[in-house]
Structure formats: C-alpha cells, structure tokens
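Enquirer: Same order as they appear, the protein sequences are chains U and Z. Each residue of the first sequence is one higher than the one before, starting from 1 at the first, in this note's numbering. Each residue of the second sequence is one higher than the one before, starting from 1 at the first, in this note's numbering.
Derived by calculation from the structure, the hints in this document are not laboratory data.
Computed spacing ranges between beta-carbons, pair by pair:
1. U/T66 - Z/S340: 39 to 45 Å
2. Z/W409 - U/R120: 34 to 40 Å
3. Z/R319 - U/R111: 36 to 42 Å
4. U/T66 - Z/S323: 21 to 27 Å
5. U/E29 - Z/G326: 40 to 46 Å
6. U/G76 - Z/R25: 54 to 60 Å
To be clear about the criterion: a stretch of chain Z counts as covered by chain U if any three or more of its residues have a C-beta under 8 Å from a C-beta of chain U, and this derived list gives those stretches:
7. 130-141
8. 367-378
Non-contacting residues of chain U with respect to chain Z, defined by C-beta distances greater than 10 Å in every case (computed):
9. R53
10. G56
11. V61
12. F109
13. R120
14. R125
15. D129
16. N132
Nothing here was measured: the structure is a model prediction, and the numbers come from that model. The C-beta atom is built at its ideal place from N, Cα and C for all residues, glycine as well.
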Amino acid sequence: MSRKTVRAPLAATAALAAATGMCLWGCIETYGVETAYQSQNRDPYMISAQFTRLAGVAAAVPESATLGYLTDAAAGSVTASAMRTAAQYVLAPRLLADGTGHDWVLGNFTRPADFAALGRAQGLRVRQDFGNGVVLYRREGGR
Amino acid sequence: MSALAWVFDAPILGCLLAWRWIGLRGVAPGWARRLLLLGMGTAGGIGLASCLYFLVGVLAGSPVAAMAAELGLLGYAVWGAASAWRQGGPEGGDGPLGGAPSMWIVLAALIALVISSAAIAAGWDSNPQGNWDAWAIWNLRARFLASPGLAPRAWSPLLGSITHPEYPLLVPAFTARCWAFSHSLSTAAPAAASYLFFLGLVAITAGAVAVLAAPSLGALAALALAATPALVHEVSAQYADVPLACYFAGAAAFALLDQPVAAGILAGFAAWTKDEGLLFLVLFFAAAACLRPKLLWALLCAAAPVTLLVAFYKAVLARGTPSLLGASVPGAGHRLADVSRYGTILAAFAREFIGSAWYYPIAAVVIAAAVLRFDRERLRRSAFAGAIALALPLGYGGIYAITANDLTWQLQTSLGRLLIQIWPLALLAVLAAVRAPQIATSSQAAAATVPPLKSIDAHERLTGKSRRRKGL
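In isolation and in its complexed conformation, chain Z is listed as follows (with noise of 0.2 Å):
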C-alpha cells in the first residue's frame, strides 16, 4: 500500500470508532453531527495511529507488529460499526432553528475551500518537502522513526536546539508511520496529512457551531476559515501547527457540546503534537474546573493516557534537552523587568494582523456579531473556550517576554503560526455565542417562533426532536 494510502487509513479507523463508540447520539443537525465525527475521525485516527506507531513501532521496536495492531483495530472498529449500523447507529434530528443552512453560505463556503485548496496544491508543487520547521524538525524526526533500530536519534540531543529533539512526536511518529508500513519516503505523506488536519478543522468548526448557534453560522465559520491567509499558507508548510489548532478547537468543541471523552482524547492529542499543546491543556482543565466543573473528571481520565505518554517522553526519553521555557528561565527576571519588550511584542502583534490580512475573516466575523448579537445564555456556554482562546496568546506572550532568544527572530518566525492556533478556537467562541439570524434582530419573531434557548439546548440538543424549519 502506498504511503498515501496508509494516510487515508488513520482517519477512516477513526471516523468508524467515532462514530460507533462517541456517536454524538442527539445532537443535531445531522448534517453537522456528521461533520463532527468526520472532524473527530480525522483528528482522533490520526493522533491514535501516531501513539499506537509510537508506542509498539518505536518503543517495542516493531513496526510490522505496529501494523498488525493498527488494523486488528481497524477490523475491531469495523465489525463495531456494522453492529451499531443494523442498530440503527445514532440518531439526530435537525436543530432548533433549521436543519440546513442557507444554500448560498454553504455554496460559497465550498467555493472557499476549493480556492484555498489550489492555494495550498501551490505550496506543494513549490516546496514538497515543506518549509524550514517540516524538513528541520517534522520530517526530520520522522525520518527517524521510520527506521527500525535507529528511532531514538529522533529526540537525541545532538540533533541540536535547532531541530527541537524535545517536542512531542504526533506529527513526526504519524509520518513516519506512513513511512514505514509503505517503506517509502514520500513527501505526498506529510503533506497529506496536513490537509487533513486542515479539513478536520474546518469540520469541527463547523460542526460545532452550527450546533450550538445556527447551521448557517455553521457555514459562516468554515468560510472564515477557509478565507485565512495565515492558516491556508500554513497546511502546506506542513508544520506542527495547524494540527495543534485543530485540537486546541475539537478539545474545546466537544467539551461545549458535553462530550468529555471526545474533548478529553483530543486535548491529550494537542499535548502530543508541541510544546504549546502543554500550556493548552493546562488552561483547558483550568478553564474546565471553573466553568465546566460536571465534566472535568471525565475530560481528565480521557486525557489521561496520552498524556501520561508526553509525560513519559518528556522526563525519561528527552531528558537533558531543555526547551525553549527551561532554556528561558535563567535571567528571566531581567527580560520580564525590560518594559520595551513588552512593546516590542504588542507591535509584532499589530503588525501580524495587518500584515497577514487578518482583517478579512475577523471583519466578517465582527459584523455578523454586531447585527446578531450575542445571546447571554450562549455567551456564558462559550465562554469556556473564550477563556482559553484569551489566555493563551497571555501565555505566550509570557513565554516571548522572558525567552533567551532574540526577541524579533523570534516573533518573527513564530508569532503568525501562534496565531493560527488560537484562531479556530476564538472562532468558535464568538460564532458559538451569536445569536440564530432569524431571532437576531426581530424579538417578535423569535417570540412567535422559537422556544426559549434554555428548552432548546436541553430538549432538542439532547432528544434530537426537531421542530424542523428552513431559513438561515
């Protein structure tokens, strides 16, 4: 099987665990269910076939038993699925406020991700091996692991400061899985792989915010997504960050659509892929402590394995090889005292978002809010990825107000895919918070038509009884 093939591979096994095992029973439209579980699939399927490589191809040191193990689940995930299949599989309905989205959203969102999709291919056929980060630290290490006997260089200490040996191995381990079981090197494996993620992104974002706000918000969403400089430029640079992003918005999608092991699973993904998926998951459960309190016992024990796995990784395999926080820490004080960082760091910040044409989707998505305005119920509910979305460019702006680095290298060849993490995530927060259009801005409307919000979310979210109406 071709390397290609074995990409494909991850996220069918994971789109058929999701959906047998997570199934997203109720939640509706089922259109956007179903993106979801597509979102979750992909994501989910890859970030398990990386730590299952990881854990028997690497560590056990056989990557036929890896294998072997991969599709014995995969057979497992298929005879689930046809079971729960003659089951009758999970149902859903339509939402509160239309099964569909308006057609022309969702037309037009299409339009997005093929013009963006052709941007990407651009990036492919000009860099096949990616940018600097793919082939200095990604590929690199995966090339690596790909190699029986030889994995361990992948977080050796030698390789440098340059190739980060320290950061987790979602990326480089799932790659080099590809590798390894097609026993090629092709570059169509990365690259494949980012545009994956890419799509599970946008599903998930989608997904979700057509659920918890209005379908065609849904569509808005991936619209904006689609219409990012930033992000399109990145999925063909084939780094570590659009992965992360996806994670950073799934953990925090299904944890607003009170699904704490989906939630759980990816937010322990987001540690595996960087650095920044630790501080991530750090304010996740913090963030799940003060406004999600029911489900953090469970989003703990679903992000329990993988992370135990970075755990792992980072006290007893990379050991020795500081990151770029520990290597920060002697000094700090002084450079946190150095009021003109701070600055320095603000300025890098306006110049990114005017520099990069941030201003398209933001602006969009600013004046969809500002005529639909926000509901106070769903604020609440959103504000839990809100928080998260707000601290953590606090956190890394702590992290490039203390660095050893020079700071305007650093800001400069970092700061712009920082942002693409955070961005879904923001996204989500607002969109998930805006009032349906048809109830924006005509009370009498929604009074004559729609229930209360709170009967909405607890009745038709949970029962997927649909009160079925077209419209926006």
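This is chain U alone, in the form it adopts within the complex (with noise of 0.2 Å):
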C-alpha cells in the first residue's frame, strides 16, 4: 500500500524552527540563572541547621506533647515568623503553640540572654540550656 507523504510548507517548518530554537534559548539561559540563584540562596533559612539546633529538644520531649513558645524576635518580624515556623516544622509532631501556658515551653532566642530569668518573669523554670539560643523549659510545679 503506497503512503503519501505530506511535508508542511517552508513557513510552517520556519515558524516551528524558530519557536524550537527560542524555547531551547529560553532553556540554557533558565538553567544559567537557576543555577545562580540556587548556589546564592542556599537554605535560606538555615533549615538543614534547625536539626541539629533543635536536636536536644527533639530528644527530651515526647512526641505527643504541646510546646509554649517564647522568643525575643521582634513580634511580626519576618525573623520572628522564619524563626517559629521553622522550630514547627522541625520539632513537628510536636505543637508550638504562642504563649507559655504549657507544661513545655520551648525558648528561640537570636541573642545571649538571662534565660533563667526571662523564664521565671513568666513562672518557667529552665529544664536545659541546649545552646544557640535553644532553651527549654517547665512550668513551675511541673514534672
């Protein structure tokens, strides 16, 4: 059975070269400067760090439990909120809650601090000093 062949004019074959070559242009250059951004904004938000960060209170606290949490990040600073968010998604199944009305409390701190004293304006106890900031701690006449 003979076939036909049926070839497309030279401006159709044209505008297809030239949309071809453009995406393919379009291509490398994405690649370039996908490449720049990604070696420029390497974890951002220090993420791969809040593991290790927050390995002891990972360790030390139960998987079901509720964390107050208490911070000296200025209260609706992107800081404050990269700060929270990422000790959620790190600690999590564990649940930060705002506020220091839990047994657990969880302190994220940005500076050197009298932590022991912080907690207790809020009747805490320090249960351990982690370091980095990282302080944990217990309601007053909690176990």
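Taking the hints as your guide, dock the two standalone chains into a single complex.
Expert: Here it is in structure tokens:
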C-alpha cells in the first residue's frame, strides 16, 4: 500500500524551527539563571541547621507534647516568623503554641540573655539550655 | 522499601488502572495515547494514593491498613492489566496527520527536559527541604499526617494562618504516606513527587495537543513547558502549584478528548490539592455546562467522591479555620472600591511576565500560532480550556482585589505561582486550536491530502484507523 508523504510548507517549518530555537535558548538561559540563584540562595532560612540546633529539644520532649513558645524576636518580623515556623517544622509532630501556658515551653532566642530570668518572669524554670539560643523550659510545679 | 520506592509505586498503580480502565481506546497516535496514560497514571495514581492514605491511614488511624489496601489495589490492577493485555489491550492507530512528530522537535524537547531537570536538581541540592511554603505548609503537615494518632494536628488552628491548616491535603497526605510506609522522613519523597507531577504535566499536555492538533505541536508543547523558567523553578520548591497545574491541564485535556471520567477524577484531585482547585472546579463545571454539556453529568459523577472528601475536610475537620477568601470578606467592599489596587495588580502581572522570562515560551507559541493560524472548528473545541484559562486569572485578580493581607506582599509571594497553575492550561487551549503544520499555509496541499477536520475527528480519532502520513 502506498503512503503519501505530506511535507509542511516552508513557512510552517520555519515557524516551528523559530519556536523550537527560542524555547531551547530560553531553556539554556533558565539553567544559568536557576543554578546561579540556587547557589546564592542555599538554604536561606537555615532549615537543615535547625535539625541540629533543636535536636536536644526533640530528644527531651515526647512527640505527643504541645509546647509553648517564647522568643525575643520582634513580633511580626520576618525573623520571628521564620524562626517559629522552622522550629515547628523541625519539632513536628510536636505542636508549638504561642504563649507560655503549657508544661513544656521552647525558648528560641536570637541573642544571649539571662534565659532563667526570662523564664521566671513567665512562671517557668529552665529544664535545659542547649546553647545557640535554644532553651527548654518547664512550668513551675510541672513534673 | 525506601520512601522513594513508595513514591514511584503510586504512578505505577495509576498507570495500570488508567491503562486497564480508561484505556483511551482509539485515541491516536499511539505514542500520544501512551503519554496521556502515563500522565493520567502519574497524577491520578498520586491522587488516589493520597486519598487512600488520608481515609485509611489518617481518619481510620491505621497506616498499615492503608498500605495493605493499596497493595491489594495494586494486585487487582496488575491482574486487570494482565487480563487486558491477554485480550490485546486498548487499540490506537496513528493520527490524522501522521503518527510521529518531526524528530528534530522531539529531540529539542528531550534536550530541554534534560536541561530543565539539571536546573531542578540544582534546586534539590541547594534546598533539600524545599522553599518556604514546602517546609512551612506542605511538608510540615506531612510530618503530622505521618504520625499515627497525631495526624489531626495537620489541621490544628494552633498552626496559625502562616501554615494554612485549612488547605486541602493531597500533597501532604501523599508525602506522609511515603514516609509512614517507609518509616523514614526522607527529603527525596516530596522532591520526587514534585518532579513526577512535572513530568506528568508535560506528558498530558504534549499528548493532548498531539491528539487534538498535530504530533509536532505536541512536541512543541512539551518544549514550551520545559522552557518555562517559573515552572522549572517551582518544581524544586516542592510547592503544590505544579501538582495543581498538572490537575488543571489534565482535567481540561481529558474533557477535550471526550474522556469525562478521567477529566472529572483529575478535577476532583485539583480541589483536594489547594484552595485554588475549588475555584477551578466551579469554573470547570460552568464551562462544561456551557460548552460541553453532554459531558457534564459524567464529569460531576467522576469528580464527586474526591469533592465530597474535600467538602468533609473543609466543613468538618478544618471548620473554624478561616480561608484566605473568608478572612478577606470583612471590608471587601471598601477594598473593591479602591481603584489603585487594580493598578497595583495589573502592574504586578506585567512585572511578572517581564521579570520571569515568560517571553521565551510565550513568544514561541505566538510565532507558531501566528504562522500556522487557528482552525475555526478546533478553536470552538478548545474554547472550553481557553474559557477556564481566562476565567481563572480573573478570579485570582478578584481575590487579590479583596484580600485583607498587604496587597504588595501578597502579589510578590504568590502571583508567579498562580500563573504557573494556568500556563499549561492556556498552552493547551492555544496549541490545540492551531492548524497542523501540513495544512497551515497551503490550502492546496490540504485539499489534496487531508480530509475535512470534522471527518478526522469523527472517524479517525474514534476508530484509530489511520491514514498514515509522515511529515511534521
């Protein structure tokens, strides 16, 4: 059985060639832009480092716990939001709740301070200071 | 089994089910049918596995039972596929304008996919936990869902609005399933799932355009998607926008191919992926009622199970957690009357197109459409996808207009991703309406060799009997 070959007109072939070339060029340019972007934005919120930073808390607090949250980061700032959300991600399935009204309270600080005094003002005692601004508190009278 | 193995298990299940029970019998050319089945299997398999894990592993509280149910379903799918294989399987022939696309466009598409994949891999290496929304929303909620007994925390109001506990759970539930089944929290699972959605999106769009328009245009669709910088960037971000784009394009593509069951299932999964999926669902059914009324009942039935699951989640489990839309209602009238907000929104759209190098794929499609020109019959058919692609940005624009959040911040952090959701749908709508290259500029050649389009659609697409020709 004979088969008939239909060739596309030159204009159609040229249009497809132009479209193909444009996409390929865009693809190559995207590769350059994307790899440069990724190398300059390597873990910008230091999420991987939070696993190490908060490992002590994760080991000390049961997974079923709900922890209060205490920080010195300015409320509403990007820093405060990133620190809290990153801590929640790393400590999940433990749940973080704003405020200090829980038996366990995570202190997540940006700079050195008298963490024990900060806790006492909230009715908390330091259970363990893990360094790097990470402090685990327990409510006074809690087990 | 590793988390990665469980990621790939779901598309295998989906492909077997799609091949056996959807089949796309008669859809031609055969390679495009296989692409469509791969895309449907990937997106549908992941969606199915997500729903199954949520129902059995989370709500019934037994990940082991969820695994057993899924493996049982996989066994059934293997048996069904083997039975179909023995009987010859779904048939398909070559398309009306040649079974194969031009090899140089296919080669370019493959090169583009390799380059895009390398760029995506750079993102995995740089940010293995994904970008902000990945660890603040999607993967965080997956960590809850993977913990037996603590899963309800995934929609706890204590998470705060930044984690959007009201968002549907397709992506987190699928990731949680992989983690729970493998007893590991491997970052490879959400990364691989995002990449599979990207491949599924390319497969569905390319396959549908190849069937509806011409094989070479299908390859061009794949090329244009692989060359979309914002899309490539979002894959390694591990957000839910690429999955949503896949479900949007898939639902529209299968509706255009007169496959309402597959289309309805994918539309339902869109609603289970993100709140924007609910808007899509409404627009999808409205467009079907107006432009493809014969499919409407089957579409509704196919989308119903997952839509009911979404309704149950929103109305019962996540009740009391306001959505972005709900939180925007107070004071909406005042913000709607503020004309300057519309200028801000339009300026953001313009900046997004210029700043994110959208011009490469858009210019490519414009060149192809301008030279090849639209076919009136195909335009009428693809208007279904085009109407949704036009209505979605209007809907998103309306939400921007009323949002109670800071408008500039909202636009900066979300507009690019919303356009990613719509872009494959728009690409499908445009390329599916373009004339095949062989008949684009030569009416003489068309008259001599190609039967009228209506008879192509009615006879060849449904029967798969080919008038095999080579060319573009």
